[in-house]
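Could you build all of it, start to finish, from the sequences and the hints given here?
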Amino acid sequence: MHYSGTRSVLDICVSKGLESIIAETIPALSSDHYPVIFKVHIQNFDSPPYNSIKFANWNKFQEHMASITPGNPQITTTQDIDAAVEKFSSLFNSAINTSSKVKIIHNFVYTIPASLHEKIKEKNRKRKIWQETRYPPLKTEYNKLQNEIKRELKKIKNEKMESYLKIAAPEDGSIYKLVSRNNKKVNKVIPPLLGPTGLQYSTKDKSNLTANSLQNQFTNNRTPCNDFHTDREDESNIDCESEIDISEGWKDIDTPPRLESV
103 MHYSGTRSVL DICVSKGLES IIAETIPALS SDHYPVIFKV HIQNFDSPPY
153 NSIKFANWNK FQEHMASITP GNPQITTTQD IDAAVEKFSS LFNSAINTSS
203 KVKIIHNFVY TIPASLHEKI KEKNRKRKIW QETRYPPLKT EYNKLQNEIK
253 RELKKIKNEK MESYLKIAAP EDGSIYKLVS RNNKKVNKVI PPLLGPTGLQ
303 YSTKDKSNLT ANSLQNQFTN NRTPCNDFHT DREDESNIDC ESEIDISEGW
353 KDIDTPPRLE SV
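With our numbering, the residue at position 86 of the sequence shown is 188, and numbering never jumps.
Because the hints were derived from the structure by calculation, they are not lab data. Do not rely on the hints blindly, as some may be mistaken.
[Claimed, not checked] Derived PhoX-like pairs: lysine-lysine, alpha-carbon spacing no greater than 20 Å straight-line:
#	residue 1	residue 2
1	Lys162	Lys203
2	Lys241	Lys230
3	Lys223	Lys256
4	Lys241	Lys225
5	Lys221	Lys252
6	Lys241	Lys223
7	Lys225	Lys257
8	Lys246	Lys221
[Claimed, not checked] DEER-style ranges, computed between Cβ atoms:
#	residue 1	residue 2	range
9	Glu165	Glu254	42 to 48 Å
10	Tyr136	Asn199	28 to 34 Å
11	Leu316	Thr235	57 to 63 Å
12	Thr235	Val138	43 to 49 Å
13	Pro175	Ile269	44 to 50 Å
14	Tyr303	Cys115	57 to 63 Å
Small disclaimer: the values here were computed from a predicted structure and weren't measured. Note that the Cβ used here is the ideal one computed from N, Cα and C, for glycine as well.
What follows is the structure, given as structure tokens:
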């Protein structure tokens with residue numbers, strides 16, 4: 103066997119959310135590399151019970167792959183190739199699962215159609231051009247697309263919510279979660295108040311501090327009342343109100359002539 107020293111071509115299929123994938127090799131070319139077809143059976147696809155997302159630590163993945171990969175396998179027959187590919191796929195999946203953290207998304211997720219994706223891209227493109235040119239017709243087209251996208255997103259969200267309500271049942275607790283989520287009340291927490299004795303944290307101490315503050319602000323005037331001074335203030339106010347407004351008289355006054363010489 104003559105070894106040319108060229109590198110081999112490895113076909114890898116990375117999928118997300120798809121469980122049943124079949125890889126088939128087609129010996130249709132005369133070269134050493136055969137095309138590979140990955141078949142996905144959408145009709146038999148069952149969504150997982152929880153919507154989840156994985157966060158991979160790629161440094162940990164590399165270390166794990168280096169430790170579990172035995173190296174270049176000894177291959178003499180086609181059965182050895184299939185066994186090596188199957189073993190590598192198993193090691194690859196094991197390394198990904200070991201070096202990844204899974205976060206469960208409890209809210210129901212809705213997908214956006216491809217046509218709506220294209221409309222969003224077109225809206226972003228028009229917005230960018232309008233920001234550079236400030237051309238009014240582009241602003242009109244951008245606003246029109248934005249309103250259409252909002253209506254379609256609202257329609258998709260309502261349809262997903264209706265389908266979620268149809269399958270909700272008391273046995274799995276989905277109805278309770280839906281009702282408790284809608285009836286959840288936001289508790290408003292008042293920060294601690296500073297009083298004469300320091301910070302007040304409890305509700306009772308805050309109420310007493312507020313009541314004492316209002317009581318001190320709205321107390322009777324301890325200064326004795328002077329009737330003579332009060333009468334004089336009333337008379338002064340009456341005199342001010344009865345004064346004649348002479349501002350209108352200034353309109354008839356002529357302006358002085360221009361100064362010719364000094």
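Against the structure, the hints:
1. Proposed proximity of Lys162 and Lys203 is supported: the alpha carbons are some 12 Å apart, at most 20 Å.
2. The suggested pairing of Lys241 with Lys230 holds, with an alpha-carbon distance near 10 Å, which does not exceed 20 Å.
3. Note on Lys223 and Lys256: the hinted pairing holds, with a Cα-Cα distance of about 18 Å set against a maximum of 20 Å.
4. This hinted pair checks out: Lys241 and Lys225 have alpha carbons roughly 10 Å apart, not beyond 20 Å.
5. For the hint pairing Lys221 with Lys252, the CA-to-CA distance comes to about 11 Å; that is within 20 Å, so the pair holds.
6. For the proposed pair Lys241 and Lys223, the alpha carbon gap of about 15 Å is at most 20 Å, so the pair holds.
7. Distance check on the hinted pair: Lys225 and Lys257 sit about 19 Å apart at the alpha-carbon level, within 20 Å; holds.
8. For the hint linking Lys246 to Lys221, the alpha-carbon distance of about 11 Å falls within 20 Å, and the restraint holds.
9. Our hint of 42 to 48 Å for Glu165 and Glu254 holds, since their Cβ atoms are close to 45 Å apart.
10. Here the CB-CB span from Tyr136 to Asn199 is close to 29 Å, well matched to the stated 28 to 34 Å.
11. Restraint check, Leu316 to Thr235: a C-beta distance of roughly 59 Å satisfies the suggested window 57 to 63 Å.
12. A C-beta distance of roughly 47 Å is found between Thr235 and Val138, which places it inside the suggested range of 43 to 49 Å.
13. For Pro175 and Ile269, the Cβ-Cβ distance of about 48 Å falls inside the hinted range of 44 to 50 Å, so the restraint holds.
14. Between Tyr303 and Cys115 the beta carbon distance is about 59 Å. The supplied range of 57 to 63 Å therefore holds.
The earlier numbered hints are all upheld by this structure, with none contradicted.
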